[in-house]
Amino acid sequence: MKLFRRAALGAALCTILGAAPPAAAQASWQPTRPVEFIVTAGAGGGTDLFARAVQAAITRHNLVPTSIVVSNKGAGSGAEGFVYGRGAQGDPHKVIFGTNNEWLLPLVARVAWKAQDLTPVTVMAYDEFMLWVKEDSPYRSAADLVAAARERPGAIRMGGSQTKDTDQVLTLLVQRATGVRFNYIPFRSGGEAGVQLAGGHIDANTNNPAESIGGWRGGQVRPLCVFRPDPLPQGPRVTEAQAWSDIPTCASQGVPIEEYRMPRTIFLPPGVPPAAQAYWAEVMRRVAETPEWKDYLQRTSQSAALMSPAEMRAMAEREERAAREIYAPEGWLVN
Amino acid sequence: MLSNLDALMHGFSVALTAHHLMLMMAGVLLGVLVGVLPGLGAPNGVTLLLPLTFTMDPVSAIILLTSLYWGALFGGSTTSILFNIPGEPSSVATTFDGYPMARQGRASEALTLAFLSAGIGAMVGIVVITLLSSAVASFALRFGPPEYFAVYFLAFASFIAFGGGAPLKTIVSLGLGFGFGMMGMDTVSGSMRLTFDIPELIRGISFLVVVIGLFGLGELLLTIEEGPEFKGANGRLDPRAMLRALVSLPRYWVAVLRGSAVGVWMGITPGGPTAASFMSYGLARRMSRNGARFGQGEPEGVIAPETADHSAGTSAMLPMLALGIPGSATSAVMLGGLMIWGLNPGPMLFTEQRDFVWGMIASMYLGNVIGVVLALATVPLFAAMLSVSFSVIGPIIVTVCLVGAYTVAGAPFDLWLALVFGAAGFLMKKLDYPLAPLVLAMVIGDKAEDAFRQSMLLSNGSLGVLWSNPLVGTLSTLAVLFLLWPVMAALLGRHRTSRAMKLAQAENRA
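So the sequences go chain by chain: A and B.
Each residue of the first sequence is one higher than the last, beginning at 1 in UniProt numbering.
Each residue of the second sequence is one higher than the last, beginning at 1 in UniProt numbering.
Be aware that a few hints might be false.
Unchecked claim - Computed Cβ-Cβ distance ranges for the label pairs, DEER-style: (1) Gly-464/B to Thr-66/A: 41 to 49 Å; (2) Leu-131/B to Asn-62/A: 28 to 36 Å; (3) Gly-87/A to Leu-194/B: 15 to 23 Å; (4) Ser-138/B to Pro-229/A: 34 to 42 Å; (5) Ser-13/B to Gly-254/A: 49 to 57 Å; (6) Glu-317/A to Leu-194/B: 28 to 36 Å; (7) Ser-138/B to Gln-116/A: 47 to 55 Å; (8) His-10/B to Ala-314/A: 50 to 58 Å; (9) Gln-89/A to Gly-227/B: 46 to 54 Å; (10) Arg-240/B to Gly-200/A: 43 to 51 Å.
The set of hints was computed from the structure by calculation and includes no laboratory data.
A virtual CB, placed ideally from N, CA and C, is assigned to each residue, including glycine.
Start from the sequences, fold in the hints, and give me the full structure.
In structure tokens form, the structure reads like this:
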């Protein structure tokens, strides 16, 4: 009786606030208790900001009838969060936030989940990669950097976040595309790699725009090029002279990598009802329309994306196959 | 420097509003609470409050969060002293002398000294970042992997090398600490280490869970074995003891200064507050005239780690704002907050967001004063807890420990770990294995290893990188000297005694 009254009250409140959950999902599934957002990264990291931006948009616009708790489970490059999500079999009140590490990590580390285990929801954004050097470095373009690496193989120190993760893979791809060799140094986070570059302890890194914007504006580091088919869209100026859109593509500077970017992904535990999957996909579609979300994308220089679960599954499988080809010659594959 | 003072005055005009003062009070109070409960800790407290700040303006938000941090730093010392349970990782070193003092019935004195010296340490840290903000930020940039390693090595050497206890047992304890610290995913190779394919071990073993077990539960077992009462503990409310502690503080000015210097150094470099408190304790024990009494309830052994802990906590805010380097787990969460409020940490923050930066620095002065006053006000209350009979307080301690172990990551597995480490702590105490080296090895072993391997990657495997520039060279040399000090002292001592003996023989002959 009590339970029923509370549900009725919730429904009434929803109607009053005019924010009833999506009609299609309402018939079948909607959360009945607090939802847990599992962040597969430590507090303050890119994935954490992503989940909190989604949480803020949902709270601001009452897109979900129950409260939302964000919990950080970032140990082992996010393995902790995915294992936790994998263990919450069939529970649609747990939403897992990650990157492409959901399908890349099981390739290189012995972890307790497989890429196909989790239920895909959507990809909400793509984070860009750029090639950065220190402000007073002699390299004016990516071509200069590659030429220096050709002259002294293995002497140019390239920093990045973690090992066998996106940054090192990108370094590998650059090496393959140009035939040079860098000395890759893994740090704990992109932020740390950014500070090490500002201090001149490494020669270059492949940080995301948001990881190095502070250093760029402060005159410590500068971007050489962006790994995109075309420059970033027009936007406000970042430094006194330049905006993100002024940074050329890496392909135009003699590093023939058309595109390299990292998806911001959302999953549900295995075995959740299809109605719940549809419900969360619809909520995220609505989040993508809020001004808060657009502001987040603009501030972090990410590009918008929105995929259906089926598209996302196909993309993940494509990426996994491509990754296998890159990893195999390095001897990284464990599965 | 003068312009900084100008900016600070401006900061006070931002921070000194009724609204902000209220936020500081609320933050500090919450912080003390969070700090007192082991396991909950400052990082969790800040994470829990973070969603609340989304709708605030950034200055108010950072004032609330930093005040909570200061409160937690104060609160963390309380349970360390009263029950040997460190409320925060950085208050582990406070247990070494704080708890013996409490058992001798000097709890009020220990708490008062801890809070006062912590307040002074915090002030020193804030003054340094007020006056030297620009110089400090560019100094911090000079730290690459070899420098980091040297900083950790120095902290390690200055704590470990004073001997005490059987060397073999110390080494065993160290080895265990390094082993526990290694568990989980390795940054440099990306592979899982010592996880035995147990999913719960992927995240490694939490330092806090180990400490709750070894210190809290282990100590409880010892107490039970010795008879169910806190021997000699005196919970009488004694304002005179507090006054005595206040009056005695100036006598320890050397320890306070040394602790603050160590703390500022570790906050900026950034080795972090926990390593700072260990290093300061180690140095004090070596250099103090009362060094031999350390570990048996020596007030200086409380003052040294407390000043260092707080000055490191406050001065670590500077690299966080100016460079985006989080000096502690708590400031890492705050960094995330900064991004959510739409601010990018970096050198420009100081010029573009004057209100934010200087409002926050001004609030650090106020917040810490409020913190000291509030913390001191709790002394009688907490000291009175000691006079409660063990049959009541014992079960409460067990509950607090287990709840604490659970809150660290919300994992039931950690409860078992805490129990296992509780039993291990009891056995180690019984067999005279020192616990401190294990804890220190766990705290900095992992980071030091990363820094060392990154250095080796940078230099293609040459150890020369540790002497490649004056800064890292000085640090490494100092660390080696510190490490070898006991050996050298022993050799010198033998030399001196043998000379004295020769002289004596010569005199005899004459």
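So, going through the hints one by one against the coordinates:
Remark: the range hint 41 to 49 Å for Gly-464/B to Thr-66/A is contradicted by a beta-carbon distance near 59 Å. For Leu-131/B paired with Asn-62/A, a C-beta distance near 48 Å fails the hint of 28 to 36 Å. Between Gly-87/A and Leu-194/B the CB atoms are about 21 Å apart, so this pair conforms to the stated range of 15 to 23 Å. In this structure, Ser-138/B and Pro-229/A meet the distance hint of 34 to 42 Å, their C-beta atoms being roughly 38 Å apart.
Evaluation of the 49 to 57 Å hint for Ser-13/B and Gly-254/A yields a pass: the beta carbon distance comes to about 54 Å. For the pair Glu-317/A and Leu-194/B, the supplied restraint of 28 to 36 Å holds, since their beta-carbon distance comes to about 33 Å. Hint check: Ser-138/B to Gln-116/A, Cβ distance near 50 Å, so the stated range 47 to 55 Å holds. His-10/B and Ala-314/A have their C-beta atoms about 56 Å apart, which keeps the hinted 50 to 58 Å range intact.
Distance hint check for Gln-89/A and Gly-227/B: the Cβ-Cβ separation is about 49 Å, which falls inside the suggested range of 46 to 54 Å. Arg-240/B and Gly-200/A have their C-beta atoms about 57 Å apart, which leaves the hinted 43 to 51 Å range violated.
Checked against the numbered hints given earlier, this structure breaks hints 1, 2 and 10; the rest are met.
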